[in-house]
Amino acid sequence: MTPILGIDSFIETGKNQVGGKAFCLARIHDQGVDVPETFCIPCRVYESYIAETCLEDKIRLEMNRKPFKQMRWEEIWDISLRIRNLFLTTPIPHITRKTLAELLQRHFNERSVAIRSSAPGEDDESTSFAGLHASYLNVIGADEILKHVKLVWASLYSDAALLYRKELGLDIHTSKMAVVLQELIPSDRSGVFFGINPSDATESVLESVYGLNQGLVDGDIEPDRWILQRSSGKILSHIEPVRNHYTIPDKKGVAFAPLPQASRQKPPLNDQEVHQIWKMGNKVEALFNRPQDMEWTFYKDRFIMLQTRPITSSGFKEADDKRTWYLSLHRSYENLKGLYDKIETHLIPEMISQTKLMGQVHLQGLSNPQLHQEITKRQAIYDHWVKVYWADFIPFAHGIRLFGQIYNDAVKPQDPYEFMALLENTGLKSVQRNNRLEALADMIRNDTDLKDSLESVIIPDLDHPFKVLLDNFILEFGDLSCSTGYGNECQYGDTGIIRLLLEFAKSPPRKRQASGPDIQTLQDCFLKSFPEEKYAFALDVLHLGRESYRLRDDDNIHLGRIETRLVEAVQEGQSRLADPDANPDGLAMLAALPALSLVSDTIPVSVEPSVLEKASTLWLKARQVVGHPAGPGIASGTARLINTPQDLMDFKQGDVLICPGVDPNMTFVIPLAAAVVEERGGMLIHGAIIAREYGLPCITGATDIMRLIEPGDHVIVDGYLGIITCKTREL
Amino acid sequence: MNNKEKQAFDQIKTLLDSQSLGVLSTQKNDQPYASLVAFAATANLEQILFLTPNTTRKYDNLTNNAKVALLINNSLNQAADIYTAVAVTATGIAATVDGLEKQTLLELYLKKHPHLQVFSTAPSTALIRVTVDRYFMVSRFQNVIEVQVTS
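Listed in order, the protein sequences are those of chains A and B. Note that our numbering has the first sequence beginning at 1, numbered continuously upward. Note that our numbering has the second sequence beginning at 1, numbered continuously upward.
Okay, chain A solo, but in the shape it has when bound (with noise of 0.2 Å):
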C-alpha cells in the first residue's frame, strides 16, 4: 500500500485515514474548486513509524509521569518540549523512509512544499484545532520535507494541541495524524475568510494581506480587514492597515520582506475579488452545511484554495477561559523582538524609576490623608505592574522555549534541555542580590567582634561599614523577610536578615557552577548547524533567549521592590491605627482603606501541620515522590518546608527548599539550600532558573511534596530522575 496517497484518492481512503484538512480538500477538488497539487501521507505511516521505533511506549512514558489533570501548563510545555525532541531524534525506519523519498522525488523534485496537519477529527463539526497543530511552508527536497513531516507529527503533542484535548476530553493515546503535502504556490495575495463573524452572526469577514499567508495567520502582518453582510456579500466596513512588510518564501522557509512602493498604496483586493471570495464560501459552506473558515491565494489573478475548515461553537474565540491566554503565549520570533524592545527600554526603567520615588518618600512625615493617598497611590502602581507582568513579561519568557525549539530543531540534541546551558549565567538580578548577602557574610566571617556581636543582636551604629552596607543592601532590595510572596508580612527589619547572614557565614561561600557542557563548544555547535547565511539569525534568537531568561527572573524582582513600597506604606497605616496616641485626624479615613482592612486576611496564617492534614508518621509516610528533573545531581538534607515567611528566614546551610513555587523574592536562600523541590512544574520556572545558576539539583511538579513530607525528614534530591526519596524507618 503506497504511504503518499493523491487526492483522487482521499474520500475513498477515508477520512479516518487522511485526516479532516485534506477530506476537506479532496471534496471541494470534486466539486471543481481550484486547490493545489495536494498529496496526503496518511495516519497508518505515522502509526508503523510510532510502533516500530517504540516511539509510542516513550510517549505513553512521558505522558504519564503523573495524571494528565495534575499537570500545570507549563508541564504540559515541557511534556511538549520533549516529545518533540524524540521525534526529532527518532529516524524514520530505514525501508519506509527509502519508499517515501523515492515517493517524495517523483510527486515534488526540487519544488517547494507547503507541509500541513490532516488529524482526524481535526476540523469536523464539533472540534476545530485550528492553529493547534504544526505547518511548514517552503519546504525543498525529501529530506527535509521528511524531518518537517516528522514536526507535524510531533505536533500531535504540542502543548497546545493537548491542552484542548484535555479541555475537550479527547484521548490523547489514541490521537493520530495524516500529513498534506501542497506544491507552495508562490502567492501574490493571499488571505482567510471567516463565513461568520464569531461576533455577529450577520456578517462575514474577509482578511487579506500581499506574499503568502503566514504573516497574517501568525498575527505579524496586520491584514486589510472586510466585513460583509453574510445574506448579500455587501461590504459593510473596510479597514485599512499600515501596509509595509510581506511575508515571501526564503532561502528555506518564509521571511518578512519590505513591501513595494505601490502595493502600500492599494488594497490586495478590490471589490469585485472581494465579492469572488464570499461567493466561493457560500458555494463551500453549501457544500459541507456549515459556514467556513477558508484559507485561500492569489496567483496570478487565478484564486486557488488552500484549505477550509468549519467554523465550531467550541473554537477558541468563543472560549472565555484562561485556555485563549495561555495560547496566545505562543510569539512569533518578530513578536518577542518588539517585546524585548518595550520591556527592556521603556518597562523595566519605568519600575525602577517608580520604585526609586516611592523610596523617597517619607512616610514617617506624612499626614493620615497624605498617607491614605500614598497607600491609594501605590496600590495603584503596584495593581498596574501586576497587569503588565501578564501582559508582557510572562508572555516574553517565551523566548527561552522559541530558544530551545530552534536549537532542538537544528542541533536535535539528545537532552532536550542542552540549550539551557547556553541561557545561564547571564547576570541574573536575584544571583547580584545574592552575591551581595555573601559579600556582607563575608564581612561577619572576618570579624569575629561584628559576629558576637550580631549573634546577640546588638545592631552596630549607623556608619559602621557593615552597618553602611546592610542599609544599602535593604534600600535597594527591600526587606526580605516581607517580599516573599506572602504578601504584607515585615515582621523582622534588620534582625531577619541578620539572623539569615549569620547562617550564611557559618561555612565559606558558595561558588556557584555552572551545569553541563562548555558553553563555547554548544555554542559553536549551535551556530554551525546553520547555514552562513543565517548565522546572524542563529546569534539574534540566543540573544532573545538569553534576554529572556534574564528577564524571566529580573522582572519578579522588579515587581517584588514595588510590593515592597507599598507594604511599607501599609505597614506604616497599621501601626497608625494600632497605635492609641496617634493623631486622630483623617485617621477613619486611613482604616477605610481596602489595604489596610483587608491586610490581615490576605497574609495567609501559618497553617499547623494537622490543619494541613498532614500524614501521620505512624500510619503513611512518601517513600519516592515523582516531579520531573529540572537540575542534575543529587544532594540530601533536612526537609525545610516553606509555608510561611519565617520558614524563609530560618533557613540553615545544606537544608532542602521545598515549597509549592518558589517566588524570586525568595531565592535569597539557595545558595544555603542543599537543593530544590517545587510543586509547581515547568522547566521555565523560577526555582529552576536559580538552582541551575548555582548548579543545585532540582525537582518540579512534585504533587502534594507539601503534604507527604515532614518538616526535618531526612530527603535525597535526585536531580537526574526527578526522585526524591524521604528516609523512613529501617526494615
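I should point out that these hints are in silico values taken from the structure, not numbers from a laboratory. Quick caveat, the model's predicted, so the values are computed rather than measured. Just so it is clear, CB atoms sit at the ideal spot from N, CA and C, and this is done for glycine as well. Keep in mind that a hint or two might mislead.
Stated by the list, open to error - Below, a list of computed lysine to aspartate or glutamate pairs in the DMTMM-like style, where the Cα atoms sit at most 25 Å apart:
| no. | chain 1 | residue 1 | chain 2 | residue 2 |
| --- | --- | --- | --- | --- |
| 1 | B | K6 | A | E710 |
| 2 | A | K147 | A | E710 |
| 3 | A | K337 | A | D409 |
| 4 | B | K67 | A | D409 |
| 5 | B | K13 | A | E730 |
| 6 | A | K58 | B | D81 |
| 7 | B | K4 | A | D704 |
| 8 | A | K356 | A | D553 |
| 9 | A | K58 | A | D171 |
| 10 | B | K13 | A | D704 |
| 11 | A | K147 | A | E62 |
| 12 | B | K6 | A | D704 |
| 13 | A | K176 | B | D81 |
Claimed, not checked - Sample of chain A residues lacking proximity to chain B, with all beta carbon distances greater than 12 Å (derived):
| no. | residue |
| --- | --- |
| 14 | R225 |
| 15 | Q272 |
| 16 | R302 |
| 17 | L440 |
| 18 | D524 |
| 19 | L527 |
| 20 | R546 |
| 21 | G695 |
Given chain A, work out where chain B should sit, using these hints.
Just chain B now, kept in the frame of chain A:
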C-alpha cells in the same frame, strides 16, 4: 484515617482483592528465596494468609527466619505496565496458624480460593499468617508510599 490515608488503604485493598497470587520472599543462611503463593488478606489488611506444604523450602525458610516480604502487583506484561501497574510489597512476620483461630482464618482464605479446599485439608498443609508491619505501594513507575497497618 484522613482522606489520603483512606485513599492509600483502599488502593492497597483493591489490589489485594483483585489479585490471587503474590511472590513470597524468604531467606535462610543469607540466601534469599522467592515463591509464588495464593494469598488472601484480612479486611483490615493486618494479616495475609497463604497455604503451603510443610515440606517446602519456603516453609523451611520461614520457620527459620520469620521475617518475610510478599509482592503483589497487577502488571500485564505490557509496556504500559510501567505507568499503569501498581505493586505492593508487604513486610511482616510469618507464623503457622493453629488451634481455634485456624478455622476462622481458613474460612476467610477459602472464600477467595475455594478450589484449594482439598489442598487445605491435607495434614501436611500449613496455614501461614503474615502479620504485616508495613506496606510499600509503588505506582506510576516510581511513586512510593509506606503504610503501616499495625501500631
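*Which hints, by number, does the structure contradict?*
2, 4
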